[in-house]
Amino acid sequence: GENVEQHPSTLSVQEGDSAVIKCTYSDSASNYFPWYKQELGKGPQLIIDIRSNVGEKKDQRIAVTLNKTAKHFSLHITETQPEDSAVYFCAAQLLNKFYFGSGTKLNVKP
Amino acid sequence: NAGVTQTPKFQVLKTGQSMTLQCAQDMNHEYMSWYRQDPGMGLRLIHYSVGAGITDQGEVPNGYNVSRSTTEDFPLRLLSAAPSQTSVYFCASSYGRDTGELFFGEGSRLTVL
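Chains as they are written, first to last, in the working numbering: chain A, 1 to 110; chain B, 1 to 113.
Don't take each hint at face value.
As the list claims (entries may be wrong) - Listed next, the in silico SDA-like pairs over lysine to any residue satisfying Cα-Cα at most 25 Å (straight line): (1) A:K105 <-> B:T111; (2) A:K58 <-> A:D17; (3) A:K57 <-> B:V60; (4) A:K37 <-> B:N65; (5) A:K42 <-> B:H29; (6) A:K97 <-> B:V60; (7) A:K42 <-> B:R44; (8) A:K57 <-> B:E101; (9) A:K97 <-> B:E72; (10) A:K42 <-> B:G16; (11) A:K42 <-> B:T86.
Everything labelled a hint here was simulated from the structure, so no lab data went into it.
Start from the sequences, fold in the hints, and give me the full structure.
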């Protein structure tokens, strides 16, 4: 199966700074890479995703980059705000299965 | 649309008891799946289904059964609960296996004593 590793496990930034979370995957056949945000007591929600035929995707303050050769992808959040504080998960889809990273707890200090 | 609905939200079981976690979606999604979330381990796939009558195993299927008799419902059964099954369980659905976005329920917190 697929193995997804995510770093860092915790990240603390000052409001307005940028935050970067990195993930690696092991199986080159994985073709879809979503990022989910989970707030306390809630289910994860998709914030951005990228497919294997695309190198970068941006949606306002959030961007994702994918390097297929190195098998890694990253989430970039610019101009962070306190409401960005949550746990973020990366994932990789291989055939019918999704494999998730272990999560990053982001704390944005006002 | 209610989205993905999970019941119950909280449950305490004794070792050896059985129970069913319910999951229903009203989005006509073909793909449904169950995950367990443990501290520091992210979400791990238990079982999934690509349509009514079709189910398959995920990463951690042992101790769990599923069935998919309708498009809307995908219950998860614990036949003989063990303390190792203490976790938060999430059901998620997607329009189709290649569509991507998973829609998650609010989760069910299970404690096995």
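A quick look at each hint next to the structure:
no. : hint              : in the structure
1   : A:K105 <-> B:T111 : 24 Å, holds
2   : A:K58 <-> A:D17   : 17 Å, holds
3   : A:K57 <-> B:V60   : 32 Å, violated
4   : A:K37 <-> B:N65   : 28 Å, violated
5   : A:K42 <-> B:H29   : 21 Å, holds
6   : A:K97 <-> B:V60   : 12 Å, holds
7   : A:K42 <-> B:R44   : 17 Å, holds
8   : A:K57 <-> B:E101  : 15 Å, holds
9   : A:K97 <-> B:E72   : 20 Å, holds
10  : A:K42 <-> B:G16   : 29 Å, violated
11  : A:K42 <-> B:T86   : 18 Å, holds
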